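Peer 1: Chain residues, written in single-letter form:
Number of protein chains: 4
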Amino acid sequence: MADIPERELRTMNHLMYMEYYTGGNAGIFMKMKRLLHSYQSPYQRIDIFEHPDFGMVFSLDGITMMTEVDEFMYHEMLVHVPLFMHPDPKKVLIIGGGDGGSLREVLRHPSVEEAILCEIDPYVIDAARKYLPTSVKFDDPRAKIVNENGAEYIKQFNDYFDAIIIDSTDPTAGEGGHLFTKEFYQNCYKALREDGVFSAETEDPFYDKGWVAIAYNRISSVFPITKLYMGFMTTYPSGMWSYTYASKKYHPVDDYDPERAKPFEGELKYYNPEVHRASFALPNFVKEIIGEK
Amino acid sequence: MADIPERELRTMNHLMYMEYYTGGNAGIFMKMKRLLHSYQSPYQRIDIFEHPDFGMVFSLDGITMMTEVDEFMYHEMLVHVPLFMHPDPKKVLIIGGGDGGSLREVLRHPSVEEAILCEIDPYVIDAARKYLPTSVKFDDPRAKIVNENGAEYIKQFNDYFDAIIIDSTDPTAGEGGHLFTKEFYQNCYKALREDGVFSAETEDPFYDKGWVAIAYNRISSVFPITKLYMGFMTTYPSGMWSYTYASKKYHPVDDYDPERAKPFEGELKYYNPEVHRASFALPNFVKEIIGEK
Amino acid sequence: MADIPERELRTMNHLMYMEYYTGGNAGIFMKMKRLLHSYQSPYQRIDIFEHPDFGMVFSLDGITMMTEVDEFMYHEMLVHVPLFMHPDPKKVLIIGGGDGGSLREVLRHPSVEEAILCEIDPYVIDAARKYLPTSVKFDDPRAKIVNENGAEYIKQFNDYFDAIIIDSTDPTAGEGGHLFTKEFYQNCYKALREDGVFSAETEDPFYDKGWVAIAYNRISSVFPITKLYMGFMTTYPSGMWSYTYASKKYHPVDDYDPERAKPFEGELKYYNPEVHRASFALPNFVKEIIGEK
Amino acid sequence: MADIPERELRTMNHLMYMEYYTGGNAGIFMKMKRLLHSYQSPYQRIDIFEHPDFGMVFSLDGITMMTEVDEFMYHEMLVHVPLFMHPDPKKVLIIGGGDGGSLREVLRHPSVEEAILCEIDPYVIDAARKYLPTSVKFDDPRAKIVNENGAEYIKQFNDYFDAIIIDSTDPTAGEGGHLFTKEFYQNCYKALREDGVFSAETEDPFYDKGWVAIAYNRISSVFPITKLYMGFMTTYPSGMWSYTYASKKYHPVDDYDPERAKPFEGELKYYNPEVHRASFALPNFVKEIIGEK
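Quick mapping for you: the protein sequence lines, in order, are chains A, B, C and D.
391 is the number of the first residue of the first sequence in this note's numbering; add one for each residue after it.
391 is the number of the first residue of the second sequence in this note's numbering; add one for each residue after it.
391 is the number of the first residue of the third sequence in this note's numbering; add one for each residue after it.
391 is the number of the first residue of the fourth sequence in this note's numbering; add one for each residue after it.
Some clues are possibly wrong.
Same chains, same names: a pair is fine if it fits in one copy or spans any two.
[Unchecked claim] Under the rule of at most 25 Å between Cα atoms (straight-line distance), these lysine-lysine pairs were calculated in the BS3-like manner:
(1) Lys659 - Lys677
(2) Lys638 - Lys572
(3) Lys639 - Lys677
(4) Lys572 - Lys639
(5) Lys527 - Lys480
(6) Lys659 - Lys599
(7) Lys545 - Lys580
(8) Lys659 - Lys480
(9) Lys480 - Lys639
(10) Lys652 - Lys677
(11) Lys527 - Lys659
(12) Lys580 - Lys480
(13) Lys527 - Lys652
(14) Lys534 - Lys481
(15) Lys527 - Lys481
(16) Lys638 - Lys677
(17) Lys638 - Lys545
None of these hints come from the bench; they were simulated from the model.
In this text the structure is predicted, and so the values were computed from the model without any measurement.
Just chain A, with the same shape it has in the complex (with noise of 0.2 Å):
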């Protein structure tokens, strides 16, 4: 069947995704238009499915990773608070993130030169490459993808990275976990430089708080200044998602210019600077989760 003629498929009630969340007694579903990709990895099933209304959505053993209609949510969030707090980040280093949204994220910022992608499954990258719009920087000149365990590469450097990012799965899924200790907080805080920042995605305080505290605690424990922040993320658990920030040198409020993020007005669909001082202000039973007062 060489040549088939592209017609729209319809998308019926036949074909649901259901991804159900932390403690099992809940979940989305979607129903989807068609499922483009199916791999079984040596670290976990890989899915691209397409929807209606949500386009590309990628999924690691039925945990969804992104939609292509609301990732720039988790993105933004993630890439540019801690990288507006460095006044010139050039070395900065993603752990996990294979579908490329964060990797676009931080090369918005011109002063980035080296943009490391550390990605543990490389058919996580082939996927995204195929099939994910995000992944439009994978070939750029100043972007490398290494293929190795986030836990054990970060070891080798010293000093180095301006800006980590952790954009790990969950603690619980795939090799998620490794990226949850206080051991590989440590070695985060030794690659980086002096003024380097860094931040993480830290799971939902509904679904997974105990997570939440857990990862914000450790981080907590290596730097000294550690701030929770929170962000609308529609399709991830709860919609309520948490990141956190660390620095050895900035606090991300009363250190933050707003100028500069001028130069990206018009170009960012989530983030602005109020929005980067309002992420900070947590819900009283958020603070509570963390031990905040």
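Keeping the supplied structure of chain A fixed, place chains B, C and D upon it in accordance with the hints.
Peer 2: Leaving out everything else, chains B, C and D in the frame of chain A:
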């Protein structure tokens, strides 16, 4: 990603197939391993899935046409009940049946010299050839595949076929309705020789009892001998499937000669002479649906 | 809110019943109108739903026991096949069957003087009495309801019953397993008179073929005459249900006298003499499962 | 069955709640423990479920109105943002809000002397009273419950209320649409005193961005000061909820006095002064939806 080594995909919770039965208040769900093929033909949406227990699952517009593990129940009952009633079936027409299962069963009969498979949708044929083991006889020299509307195609024949088998989709789906009209049955009558035999799938008497009655009564108004018969079909709605046998000459129980099935012993998985006779014993509520007594 | 005027509840999309079949990779879903009753008894979770098409739906531990519209298929086949084999059944024991459907069918036989319903769970009896129309004969003077473990209760009887009917839940659910042991079948044999008849529901040969084989072979090792028979059961897994008939004396086809069923004409919705005989005609793959030829 | 001892119901896989979000291609599912109450009122279907993690779940026409564990996010943001803007709110009107959560939050403010809850459907009030802990203040002497159409009820008031809070259902569900018209907002304006404050839930900007824009722009055409603000709402569609604040006099950030919230410290679970200010920082794509720059 040219040379991916194949690994067995893990079936997870996320890929759920849901078929709503007539009425929309119940249905079957299947956790799929993968979706191998999706295509929107001019007639319908064609999907081929792999299920961890059922093997290949073939679906049109979200309605299950067959699964690899139980299609034999349906195809054997649809084909062998009429074919064993004929002393020497040479020319056989199958209308619908694009998966090839009915053709495979027809060609088990050594007397058959010409088996025409008239499937309206060439994309079903292509998909079956590529993915469905039922297509095993598409290239048999006695087989001829024609992509035409069966209701039109039949009109050109007079006194030609020894057997006609209607292996249609639902009357309410795609082009299935054309194959449930009185005019169509009259054309079948005309195309059959004087000792010709006929069978049609006529839906299930639980979710679709209206169609069982309509199809049976229309066929009965055309053929002197018309009998409803039944068989299990485990992944079809209700698991209880009806077929209608018709003939100008042979009564399906009184004229049945079990000796004809002897050479098939050990080859068939569902049909045997006792099952042939038993399939015409109808539960009281089914008799009532078709107005028998 | 003492005096709410009753309005017909609109069935919407939100109340979905999902029964996973053995293996966990497929099942049935039903859009429910309401959930009338839920109770956690010492043995199991008991639920009674109302479905817009199926009427009352009775479920134990999430496994459908019966729906109002098709329970007759199961209860008639389980009860009348053995009872019409006995010339004069007076004393009948039903083990399980707390919904009352088997009892109702047993009491259609005017010869019956004593029908004991031994249902382990009194909360099933209470729920059935309140919600299920199948419980219509609970207060019949010939009926006696006993809430005991059937596997223990049977032990006290010797040469007493004319018929024993095992209307159990799945061997893997709740207390069902006790009713699938060889010792239990031996006690049934002992409790039956020399011309006693026996039937048991023995699961479906599609999702649960292992249990069909085990149950059939264990019964067969105890009774001189043992035959598997089958019937449609549209809301049970696969729609294809197996029962096992056993007797010390009567062969269910050779000794069958269709005259006995004459007075029931017009009363039963599934069973008739042709269906009785037909139900013993097994598809080849079912014969293979039970090791018959 | 008068005296059933209560046992904890086991949550199984069979009782699945599915809410389809706007567009019908995605939604949330919840495994429920039980359905406590279902009633078809003249306005809508009312259901109250118990979920193993979320506690009571209240649903109208299959759309989740609240769950016990996260309703505080919504009710605190809807109520306290406007109420802390007013120096001395005495008379407050809540339209909708039949679960009682908004009333509970309003009555935390000691200045409030009269809080009218205008809920069109008395059966919602009855169900809330019986099953929902949010109804805790229904019998407070300062509370007055009125069962009328809010869009009509508001018309009689002139220069009366210090705060009006619109806690409606979706504009497309039940009677929700009446509460999204320009005429209605004009009547709210008229009913407010010259320093009155107003808030309305205005849907989510992911699945329902059209309604966010419509509601915001209509309110904005009536009030001199109108600001969209946002908060997490973990079991609502997308988890990202919008509210619209309006006032004739007070700007919600410039005129905000955080001292007023001091006495509430330790009492609220979501709202605090930083969250108040942060909630008005809108992501770029939300600004675009409402036509802001």
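Peer 1: For each hint, tell me whether it holds in the structure or not.
Peer 2: Consistency of the hints with the structure:
1. Taking identical chains as interchangeable, the C-alpha atoms of Lys659 and Lys677 lie at most 25 Å apart only when they sit on different chains, with a minimum of 10 Å there against 27 Å within one chain.
2. Taking CA atoms no more than 25 Å apart as the test, Lys638 paired with Lys572 passes inside one copy only; the shortest distance there is 16 Å, against 53 Å between copies.
3. In the homo-oligomer, the alpha carbons of Lys639 and Lys677 lie at most 25 Å apart inside one protomer (23 Å), although the nearest pairing across protomers, at 33 Å, exceeds that limit.
4. For a Cα distance limit of 25 Å, the shortest separation of Lys572 from Lys639 inside one copy, 20 Å, qualifies, whereas the shortest one across copies, 51 Å, does not.
5. In this assembly of identical chains, the alpha carbons of Lys527 and Lys480 lie at most 25 Å apart only when taken from the same copy (17 Å versus 58 Å across copies).
6. Taking the closest pair of Cα atoms, Lys659 and Lys599 come within 25 Å of each other only across two copies (15 Å); inside a single copy the shortest separation is 28 Å, beyond that limit.
7. Proximity of Lys545 to Lys580 under the C-alpha cut-off of 25 Å is restricted to the intra-copy arrangement: shortest distance 8 Å within a copy versus 67 Å between copies.
8. Taking CA atoms no more than 25 Å apart as the test, Lys659 paired with Lys480 passes inside one copy only; the shortest distance there is 24 Å, against 41 Å between copies.
9. Taking identical chains as interchangeable, the C-alpha atoms of Lys480 and Lys639 lie at most 25 Å apart only when both belong to the same chain, with a minimum of 17 Å there against 48 Å between chains.
10. Taking CA atoms no more than 25 Å apart as the test, Lys652 paired with Lys677 passes between copies only; the shortest distance there is 17 Å, against 31 Å inside one copy.
11. Proximity of Lys527 and Lys659 under a CA criterion of 25 Å is satisfied intra-copy only: 18 Å inside one chain copy versus 42 Å between copies.
12. Taking the shortest alpha-carbon separations for Lys580 and Lys480, only the intra-copy value of 17 Å comes in at or below 25 Å, while the best inter-copy value is 58 Å.
13. Taking CA atoms no more than 25 Å apart as the test, Lys527 paired with Lys652 passes inside one copy only; the shortest distance there is 23 Å, against 49 Å between copies.
14. In this assembly of identical chains, the alpha carbons of Lys534 and Lys481 lie at most 25 Å apart only when taken from the same copy (11 Å versus 63 Å across copies).
15. Taking CA atoms no more than 25 Å apart as the test, Lys527 paired with Lys481 passes inside one copy only; the shortest distance there is 16 Å, against 57 Å between copies.
16. Only within a single protomer do Lys638 and Lys677 lie at most 25 Å apart by alpha-carbon distance; the minimum there is 22 Å, versus 34 Å between protomers.
17. Proximity of Lys638 and Lys545 under a CA criterion of 25 Å is satisfied intra-copy only: 18 Å inside one chain copy versus 59 Å between copies.
Comparing the model with each earlier hint shows no violations; every hint is respected.
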